[in-house]
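Taken in order, these protein sequences are the chains called F and G. By the UniProt record's numbering, the letter at position 110 of the first sequence is numbered 110, and the numbering carries on one by one without gaps. By the UniProt record's numbering, the letter at position 347 of the second sequence is numbered 347, and the numbering carries on one by one without gaps.
FYI, nobody ran anything at the bench for these hints, they're computed from the structure. Among the clues, some could well be false.
[Stated by the list, open to error] List time: in silico DMTMM-like cross-link candidates among lysine to aspartate or glutamate, alpha-carbon distance up to 25 angstroms:
no.	chain 1	residue 1	chain 2	residue 2
1	F	Lys-125	G	Asp-19
2	F	Lys-212	F	Asp-250
3	G	Lys-497	F	Glu-172
4	F	Lys-15	G	Glu-172
5	F	Lys-53	G	Glu-489
6	F	Lys-53	G	Asp-133
7	G	Lys-15	G	Glu-489
8	F	Lys-53	G	Glu-60
[To be verified] One side of the interface only, derived from the structure: several residues of chain G facing chain F at Cβ under 7 angstroms:
no.	residue
9	Lys-15
10	Ile-45
11	Leu-49
12	Pro-50
13	Leu-77
14	Leu-102
15	Arg-105
16	Asp-109
17	Leu-286
[Claimed, not checked] Taking CB as the label site, the calculated pair distances span:
no.	chain 1	residue 1	chain 2	residue 2	range
18	G	Pro-316	F	Asp-197	53 to 59 angstroms
19	G	Gly-502	F	Thr-402	51 to 57 angstroms
20	F	Arg-552	G	Glu-489	56 to 62 angstroms
21	G	Glu-87	F	Val-390	41 to 47 angstroms
C-beta: ideal position from N, C-alpha, C; glycine also.
Each chain, letter by letter, is given below.
There are 2 protein chains.
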Amino acid sequence: MANAPVQRMSQLLAKTLRDDPADAEVLSHKLLVRAGYVRRTAAGIWSWLPLGKKVLANVERIVREEMDAVGAQEVLLPAILPREPYEATGRWEEYGPELFRLQDRRGGDYLLGPTHEEIFTLLVKDQASSYKDLPVILYQIQNKYRDEARPRAGILRGREFLMKDSYSFDTEDEGLAKSYALHREAYQKIFARLGLDYRICAATAGAMGGSKSEEFLAPAEAGEDTFADCPNCDFAANTEAITYELKPVDGSDVPAAEDIPTPDTPTIETLAASLGVPASATLKNLLVKVDGEIVAVGVPGDREVDMDKVEAHFAPAAVELVTETDFAARPDLVRGYVGPRGLEKVTYIADPRVAPGTAWITGANKAGTHTKNVVAGRDFEVGEYVDVVVVQEGDPCPKCGTGLVLDRAIEIGHIFQLGRKYADALKLDVLGQNGKPVRVTMGSYGIGVSRAVAALAEQSADDKGLCWPAEVAPADVHVVAAGKALQTELALDISQKLAAAGVRVLVDDRPGVSPGVKFTDSELIGVPQILVAGRRAADGVVELKDRRTGEREELTVEEAVARLTA
Amino acid sequence: MANAPVQRMSQLLAKTLRDDPADAEVLSHKLLVRAGYVRRTAAGIWSWLPLGKKVLANVERIVREEMDAVGAQEVLLPAILPREPYEATGRWEEYGPELFRLQDRRGGDYLLGPTHEEIFTLLVKDQASSYKDLPVILYQIQNKYRDEARPRAGILRGREFLMKDSYSFDTEDEGLAKSYALHREAYQKIFARLGLDYRICAATAGAMGGSKSEEFLAPAEAGEDTFADCPNCDFAANTEAITYELKPVDGSDVPAAEDIPTPDTPTIETLAASLGVPASATLKNLLVKVDGEIVAVGVPGDREVDMDKVEAHFAPAAVELVTETDFAARPDLVRGYVGPRGLEKVTYIADPRVAPGTAWITGANKAGTHTKNVVAGRDFEVGEYVDVVVVQEGDPCPKCGTGLVLDRAIEIGHIFQLGRKYADALKLDVLGQNGKPVRVTMGSYGIGVSRAVAALAEQSADDKGLCWPAEVAPADVHVVAAGKALQTELALDISQKLAAAGVRVLVDDRPGVSPGVKFTDSELIGVPQILVAGRRAADGVVELKDRRTGEREELTVEEAVARLTA
Chain F
1 MANAPVQRMS QLLAKTLRDD PADAEVLSHK LLVRAGYVRR TAAGIWSWLP LGKKVLANVE
61 RIVREEMDAV GAQEVLLPAI LPREPYEATG RWEEYGPELF RLQDRRGGDY LLGPTHEEIF
121 TLLVKDQASS YKDLPVILYQ IQNKYRDEAR PRAGILRGRE FLMKDSYSFD TEDEGLAKSY
181 ALHREAYQKI FARLGLDYRI CAATAGAMGG SKSEEFLAPA EAGEDTFADC PNCDFAANTE
241 AITYELKPVD GSDVPAAEDI PTPDTPTIET LAASLGVPAS ATLKNLLVKV DGEIVAVGVP
301 GDREVDMDKV EAHFAPAAVE LVTETDFAAR PDLVRGYVGP RGLEKVTYIA DPRVAPGTAW
361 ITGANKAGTH TKNVVAGRDF EVGEYVDVVV VQEGDPCPKC GTGLVLDRAI EIGHIFQLGR
421 KYADALKLDV LGQNGKPVRV TMGSYGIGVS RAVAALAEQS ADDKGLCWPA EVAPADVHVV
481 AAGKALQTEL ALDISQKLAA AGVRVLVDDR PGVSPGVKFT DSELIGVPQI LVAGRRAADG
541 VVELKDRRTG EREELTVEEA VARLTA
Chain G
1 MANAPVQRMS QLLAKTLRDD PADAEVLSHK LLVRAGYVRR TAAGIWSWLP LGKKVLANVE
61 RIVREEMDAV GAQEVLLPAI LPREPYEATG RWEEYGPELF RLQDRRGGDY LLGPTHEEIF
121 TLLVKDQASS YKDLPVILYQ IQNKYRDEAR PRAGILRGRE FLMKDSYSFD TEDEGLAKSY
181 ALHREAYQKI FARLGLDYRI CAATAGAMGG SKSEEFLAPA EAGEDTFADC PNCDFAANTE
241 AITYELKPVD GSDVPAAEDI PTPDTPTIET LAASLGVPAS ATLKNLLVKV DGEIVAVGVP
301 GDREVDMDKV EAHFAPAAVE LVTETDFAAR PDLVRGYVGP RGLEKVTYIA DPRVAPGTAW
361 ITGANKAGTH TKNVVAGRDF EVGEYVDVVV VQEGDPCPKC GTGLVLDRAI EIGHIFQLGR
421 KYADALKLDV LGQNGKPVRV TMGSYGIGVS RAVAALAEQS ADDKGLCWPA EVAPADVHVV
481 AAGKALQTEL ALDISQKLAA AGVRVLVDDR PGVSPGVKFT DSELIGVPQI LVAGRRAADG
541 VVELKDRRTG EREELTVEEA VARLTA
């Protein structure tokens with residue numbers, strides 16, 4: 001085995017900090033800065049210091065090996081991209097302010113790639129002419145750019161970040177399904193090797209378009225996604241992707257609708273309290289404007305409307321909440337007392353929980369009045385059923401009905417069956433077996449490489465600091481010279497022996513730094529094994545410590561070297 | 001040895017082309033496109049296809065190994081950078097239109113890093129507090145951005161390109177000299193391993209500032225630099241960096257200056273022809289405006305003024321040629337008859353070849369009149385001597401006087417002793433040994449990683465195509481199945497055996513492609529060794545061909561595998 005490098009801390013650019021940085025909110029941000037892995041260069045823009053770069057490179061290597069193993073071909077496309085292809089697919093506009101746009105010296109429009117569907121589509125259009133040239137899976141590991149409104153959480157959500165993105169090209173739907181399955185397997189291997197705890201969750205497609213899509217979510221408090229896990233079956237999904245099934249009930253026994261005076265009850269809370277009924281017995285009607293037209297959204301009174309779901313449903317139309325001005329222009333809409341019965345010139349959509357046959361207490365479209373026994377399908381018509389409510393802990397599992405458990409998670413991977421959206425926009429055809437052009441079907445797949453580092457930090461850290469899984473750690477062993485010249489000499493000697501056997505060593509040979517500070521730093525930095533040359537150095541005895549368990553063992557130098565090179 | 005991958009051409013994204021791309025001017029551009037290594041995405045913006053990415057990764061690996069070997073620490077800084085530090089050093093303005101500038105959604109100014117001196121300076125300012133933290137050498141391998149006026153020559157001069165940039169930080173000048181020497185040695189090893197023919201040349205510092213600087217130039221017709229090589233001694237320099245020594249001569253015997261009528265001789269050619277003297281006997285006076293003030297530049301009549309040198313001398317002042325309007329405003333300046341004698345209100349600078357004591361025929365500042373026997377230092381004073389002429393083939397070597405040979409070359413590396421320019425601008429001090437702050441001195445060092453690929457293509461190609469040195473080639477062996485099922489089976493079988501022994505294999509298993517096309521492609525692609533399973537495949541006999549020499553040898557399969565895995 002080749003000589004591995006010995007990194008001496010006396011020469012390492014990595015200043016450890018005792019205190020959390022003032023602007024840090026999440027654990028990985030705090031620890032990666034404190035342990036000298038990363039430094040902020042601008043809002044959402046980060047520099048990787050030597051220790052951080054090593055971890056990043058390890059993640060990159062694992063991703064590359066597993067992508068190569070499924071036959072994906074590595075390429076490298078530019079980060080600065082011309083406007084035209086993104087114009088052709090509509091994403092130049094759709095991306096909005098999240099896209100970094102710039103002009104060159106001739107006034108030509110460019111963007112910094114947020115993802116590369118368009119450019120890969122054009123590349124394959126240039127390179128493949130026949131069905132024989134497909135299928136093909138291409139990937140790259142490259143910086144991506146998104147001008148986040150609120151860059152936060154350190155490298156967890158940066159504006160420049162490292163991503164593995166890949167794209168599959170097939171002529172048949174079955175081919176796409178296979179390319180998708182290959183990615184799913186590769187991702188499972190990658191995240192297992194990284195030592196990440198993760199779930200594969202059904203996902204919405206978001207801005208990508210396309211149909212089938214799953215997310216790889218790493219549970220962590222710092223995560224920005226919420227996923228629902230079924231404690232009974234194998235169901236797991238991003239809460240955004242959970243849709244409640246429409247189940248009509250028999251409402252024929254419900255008495256006729258009847259207005260009831262309900263003065264001073266403009267909110268669900270006041271209404272429920274005044275009538276002594278649970279909020280779930282009431283029907284809440286939220287008014288929004290969709291491209292200027294008023295739409296009412298009906299949901300059970302105890303549920304929150306998820307505006308992301310509403311927006312996704314109407315996209316690309318713009319969705320806004322109604323204003324005072326809108327109410328003023330429509331005196332028939334009585335704020336606080338809107339109901340679906342007798343509502344005119346308003347499109348009415350409702351959550352599937354407002355199924356045909358269900359009965360509700362809801363607004364009577366008259367001030368201070370509600371109506372009870374209002375039955376969906378009998379007393380009012382629902383224009384369209386759309387699941388728009390925020391999923392709650394305890395909601396029934398769509399698969400088995402058991403109450404769901406909700407958790408925060410970090411999205412570390414995402415796989416999409418895009419279908420022909422991009423191929424249609426950019427006219428990507430190849431000659432089919434029958435000699436006629438065939439439109440190509442695509443998949444798009446991403447792993448947040450820099451984000452995976454943050455997710456690993458989040459999941460593996462303890463109260464002492466970082467604690468890396470072996471394959472991604474910046475070194476295999478952290479040798480600590482806890483003493484004077486004798487200990488330093490021994491530490492460096494052991495380091496050389498380990499390195500000669502291919503072990504990656506970080507050695508703390510800093511002169512004038514106390515053993516206490518070195519121990520604290522070694523725990524903060526989080527290399528899995530810590531070898532201390534301390535009090536018994538003169539006898540050739542060292543202490544081997546497991547960073548995670550804290551277990552210690554005294555060994556002779558020979559035993560320690562043998563153990564660590566085994 | 002681990003299994004190496006087998007890349008099957010039937011699955012490879014790499015369309016070879018028979019014809020040169022229409023927009024290609026230089027050899028590497030033509031061949032890298034034709035052989036399927038790179039594709040143009042926009043002007044000066046390139047995509048690396050699988051074969052190209054492999055070569056690029058090989059270059060990257062060699063650079064990384066040799067930088068690590070001199071103790072440099074790898075980091076990764078962002079490509080998108082805030083304006084402020086570049087404002088502080090003046091480079092936000094100085095870079096002019098070459099800098100890609102952009103704004104984020106809040107209107108904050110950013111740039112795409114052309115080089116990272118400022119950000120590294122700030123990083124070390126954050127990380128190092130004492131002389132004990134230095135010296136340190138940091139490097140990164142990262143995309144750089146320059147909005148070239150005329151992106152040309154394929155990846156030789158792109159607007160987004162991959163570079164290894166490193167920066168050294170020392171407290172003492174001797175430390176900087178040592179960091180510089182470490183880079184010089186590392187670069188020599190890198191370029192030797194890459195198999196590049198190169199010269200180390202004295203260089204001007206250009207926009208970087210600072211003092212000592214050398215370039216690593218790879219001789220190639222497509223190069224944009226011209227360097228002078230001494231056939232007698234070890235002198236080599238970028239012609240921009242050659243300065244002629246001032247050697248005063250004894251001009252006391254020269255008769256007094258005397259006006260001579262020279263009607264209709266407004267150019268050196270007409271003057272020399274009319275008088276029957278060589279152009280070298282005349283003194284040419286070029287007028288320029290430096291920040292609006294007129295400056296005359298005197299050079300021997302047979303020499304061209306190098307405007308880059310003039311601009312470098314006066315930088316950051318702007319230099320322009322004088323216009324009709326300027327002549328109209330200064331009737332004392334007679335176009336075609338300007339001379340240094342009696343010239344008023346004009347700064348006069350001259351090339352060292354116009355040394356004190358030299359005698360010239362030059363303009364008399366009167367229409368249709370020149371003056372002969374005009375002696376520098378006697379009849380006119382030179383305000384400042386500045387070497388401003390274009391170096392010519394045969395100019396004397398500054399070291400030994402032998403006539404220089406000029407060649408075109410590609411700049412593949414550049415090392416600078418920056419000194420304290422950036423540390424001064426950004427106030428980078430550390431605590432010195434005496435407890436007082438010490439200003440840090442810096443070096444800056446670059447290797448064009450993507451450009452090195454082009455330089456290698458330029459230097460190693462022959463009339464059949466690319467021809468890579470072994471360590472950077474996209475594969476070790478190109479196995480060609482020249483025939484039907486039998487040959488393909490044998491080719492794939494051999495490929496597996498080679499791969500199992502750690503040999504990187506590209507195998508041409510394309511069905512329905514003729515042996516002739518496969519041979520032509522194998523020569524175009526340029527893997528050093530080509531193994532053909534052809535006519536004698538049934539006997540277990542294959543042909544091994546050396547791509548460079550064209551030598552062929554028939555071997556049994558066992559012999560071939562043994563040879564290639566040796």
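Item to check | Hints violated by the structure (numbers, ascending) | outcome: Result: hints 2, 3, 5, 16 and 17 break, sorted rising.
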